[in-house]
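**Student:** Listed below, chain by chain, are the residues.
There are 2 protein chains.
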Amino acid sequence: MSETATNDTNGKELDPKDQKNGDQNGEDDKKETQPPVKEMRAVVLTGFGGVKTVKVLKRPEPQLSEGEVLIRVKACGLNFPDLMLRQGVIDNPPKAKVPFIMGFECAGEIEAVGEGVTGLRVGDRVSALCESKAWAELVTVNAKYVYKIPAKMSFEDAVAVTLNYAVAYALLFNVGNLKSDQTVFIHSVGGGVGQALAQLAKTVGNVTVIGTASKHKHESISNVTNLLDHSTDYVQEIKKISPEGVDLVLDCLCGEDANKGYNLVKPMGRYVFLRRTSKLTTGETKSVLSLAKFWWSTDKVSPMRLFDDNKTLSGFNLRQLLYQQGKHEYVRDIVERVYKLYSEGQIKPLVDSSWALEDVGDAMQKLHGRKNVGKIVLDPFKEPIPRPPEEVVEKKRKGSAKEKDNKEKEKENKDSKEKSGQSGDNGDKKAEDGAENSK
Amino acid sequence: MSETATNDTNGKELDPKDQKNGDQNGEDDKKETQPPVKEMRAVVLTGFGGVKTVKVLKRPEPQLSEGEVLIRVKACGLNFPDLMLRQGVIDNPPKAKVPFIMGFECAGEIEAVGEGVTGLRVGDRVSALCESKAWAELVTVNAKYVYKIPAKMSFEDAVAVTLNYAVAYALLFNVGNLKSDQTVFIHSVGGGVGQALAQLAKTVGNVTVIGTASKHKHESISNVTNLLDHSTDYVQEIKKISPEGVDLVLDCLCGEDANKGYNLVKPMGRYVFLRRTSKLTTGETKSVLSLAKFWWSTDKVSPMRLFDDNKTLSGFNLRQLLYQQGKHEYVRDIVERVYKLYSEGQIKPLVDSSWALEDVGDAMQKLHGRKNVGKIVLDPFKEPIPRPPEEVVEKKRKGSAKEKDNKEKEKENKDSKEKSGQSGDNGDKKAEDGAENSK
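Residue numbers (full-length UniProt numbering), protein chains in the order written: chain A, 1 to 439; chain B, 1 to 439.
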């Protein structure tokens, strides 16, 4: 995938005045000798921090490499780790500096198939768990991370199902070993993974599902036996419901609540970490330092304590599994099991809301505030929400590649070429390539 | 169960000269007014330290309480934790000071059934996982820790199967979740639990069993795909056999080798601690301190590391499960599954050797030195090994209660009564009662 023709604005807002500069520097002659670069809209992270660091920009269409497919994206999934990535608290993957196209999850139709790809054809309806770059009109993905979706599954359902239910399935059955008549406690059961966990747990006979969620979400949440308000003393509530403790705790909070949760686990029970932390900062900066401090304050566990307690501690991290540990066949097996459950009607994904790429900031804020019940979807074909006049300058840049005027494109090309001589930009390029290679 | 009539000699050797003292102190008159106390031989821990702290002494026959059965013991199991208990490095259970009758595991015939016991009758052939006191001619055990053995199972096989295979079964299937085509690494595969693990792992399709054992044992060990010498660099050997790592590590060594073992686990794999430590001292004293230091030096694990590594850490401690955590029904289920496998011929326990109660010291030294392949059994009916003359004084005390002369018995009774006024002895009594109550 070639990224040399253009580059991002590195977080700088485009000003209509600046766009004229491109006409005055002699780049036009050079441009005419090259074929026009096809462009697409993409959600680009231009710096680490708040939602303003995320912008919809024009990027060159990706070039297909061996082993990859090119997908015309119809729906994208927004996930909690995307917020952490934006704040700069995930450094792996991708080990990339900004700018880069965000997005781990999408669904769409295959437009082209690279050399060496078997089992996938142009026109196939698929979902993909990309290492990054899924939030764009087009994406190239190594075929090992691409899954054919069932005929009756919409693209929206595909992004609501693939990641969340695969994670939930692995947590409950591969890691958590959930059996009938057991009790499972799910932190934040109202989220996308939380709802997937609750539904999948209910496919096992006589499982008691205890979950926490904000009070205002309670009416929208189903498949939970005992729904608790996260702001209350949930430990005491759970002890009333299940005095012996629970068989399985699925913790997406980590940190300060880990000990509470561990103590709720009954002998022979399991405690599973499914996320590093939920403690995102609300400010634009300093997030890395404050989070690092938070992580280190998490208690370490003596293996001897596990021995005396007859307990199990597990971690599950799908991205590590896919991109660092080479377990793509393992994940494919799980995705296929989940699709089968979908086709059988045993699971019904819950979509909270769907947003235009340009409204990704609002979508992120909804997820950050835990206002969602179910999956938050980005739709490249959706019209953005109309904005007040002061936001119009930025919004002008939305729309398809055809709408963009040539001068603006030339300006971006020029900017990128100027920057390519700078060490910082080279670093970005290398890091992004590195992330791509590790797919 | 009454323990007031007599008490132990607290480690002091009985001297034939001392036995006359009992005749001279007027105790005879008192004695005549009471029914004679029936006595039995028992292996008593008289102090924490080396094998000399373990003695065969006369103890009153246990009194049956509600919910218990009285078992005529035909075979006893010697296990690694017995060595740790002797050295004073296990304080729970039993939270007892010396002296007390040792022994966690036995098999025999029910001689009496207490009130409230259902499903067990006089004459039933059973095994029992007692909290203590199993190494005696008779033992009373709460019925919830007693299991009827299959008709064709010898008592020797019963003690070779019950504990070791129940532990191994729980480790492989309830904790370790072993599946076909996986690879398991077993430390000390030549021991009783090790051989049980290897056999049970082989009941799963296409499982690769890698184990370590001392070179001299290799010929006697079966059911192991790759047998390594523990003194070599087994990590490198395993990496050659299974470059991706192993699915399951069963660690009875803990401590310094824990990190080596953890790093051998592949993503989605499991690391299980099945013992606190193997580092027993060879001296008679200071064992507690040196072991405490050893335990603390064991690395603690950050839960975030598990998350990034997609790994699981578990502990399994059968005694905690039975006596502290009330999971006796859970254990019964496992024991019954194991007996079924035995009856089907899928497992064949390996008995290393059988010893008289009086030879328990030699038996312990064999286990301590890891010279055994399979289970070490104590047999209350077996004749002790003839000893050189200097050991005869102690050996005179072997044999059935009937062989013991009345003077000696009176001496012991008197000793015990004299000591009962001392605070130390009271403390012993209380602690032992406490251990009994917690059954």
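In short, the hints are calculated from the structure, not lab data.
Fair warning: this is a prediction, and the values are worked out from it, not measured in the lab.
It is possible that some hints are incorrect.
Since the list can't tell identical chains apart, any single copy or any two copies may satisfy a pair.
What the hints assert, rightly or not - Here are the computed lysine-lysine pairs in the DSS-like style, where the Cα-Cα straight-line distance is at most 30 angstroms:
id	residue 1	residue 2
1	K327	K240
2	K266	K215
3	K215	K38
4	K266	K340
5	K144	K266
6	K58	K240
7	K202	K327
8	K217	K239
9	K260	K152
10	K179	K202
11	K327	K74
12	K266	K148
13	K239	K144
14	K340	K52
15	K239	K327
**Student:** Work down the list of hints and note, for each, if the structure agrees.
**Tutor:** Now for the hints, and whether the structure bears them out:
Only between protomers do K327 and K240 lie at most 30 angstroms apart by alpha-carbon distance; the minimum there is 20 angstroms, versus 40 angstroms within a single protomer. Only within a single protomer do K266 and K215 lie at most 30 angstroms apart by alpha-carbon distance; the minimum there is 27 angstroms, versus 41 angstroms between protomers. Taking CA atoms no more than 30 angstroms apart as the test, K215 paired with K38 passes in neither setting, with 48 angstroms inside one copy and 68 angstroms between copies. In this assembly of identical chains, the alpha carbons of K266 and K340 lie at most 30 angstroms apart only when taken from different copies (28 angstroms versus 32 angstroms within one copy).
Proximity of K144 and K266 under a CA criterion of 30 angstroms is satisfied inter-copy only: 20 angstroms between copies versus 39 angstroms inside one chain copy. For a Cα distance limit of 30 angstroms, the shortest separation of K58 from K240 qualifies neither inside one copy, at 55 angstroms, nor across copies, at 49 angstroms. In this assembly of identical chains, K202 and K327 lie within 30 angstroms of each other by CA distance both inside one copy and across copies; the values are 27 angstroms within and 25 angstroms between. For the identical chains of this complex, K217 and K239 are intra-copy neighbours only, at 23 angstroms inside a copy versus 50 angstroms across copies, given an alpha-carbon limit of 30 angstroms.
Taking the shortest alpha-carbon separations for K260 and K152, neither the intra-copy value of 42 angstroms nor the inter-copy value of 49 angstroms comes in at or below 30 angstroms. In this assembly of identical chains, the alpha carbons of K179 and K202 lie at most 30 angstroms apart whether taken from the same copy (11 angstroms) or from different copies (24 angstroms). Only within a single protomer do K327 and K74 lie at most 30 angstroms apart by alpha-carbon distance; the minimum there is 26 angstroms, versus 52 angstroms between protomers. Within a single copy, K266 and K148 get their C-alpha atoms only as close as 40 angstroms, which misses the 30 angstroms cut-off; across copies the closest is 28 angstroms, which meets it.
For the identical chains of this complex, K239 and K144 are inter-copy neighbours only, at 26 angstroms across copies versus 44 angstroms inside a copy, given an alpha-carbon limit of 30 angstroms. For the homomeric pair K340 and K52, neither the shortest alpha-carbon distance inside one copy (39 angstroms) nor that between copies (65 angstroms) is at most 30 angstroms. Taking identical chains as interchangeable, the C-alpha atoms of K239 and K327 lie at most 30 angstroms apart only when they sit on different chains, with a minimum of 18 angstroms there against 38 angstroms within one chain.
Violated hints, in rising order: 3, 6, 9, 14; the structure is consistent with all others.
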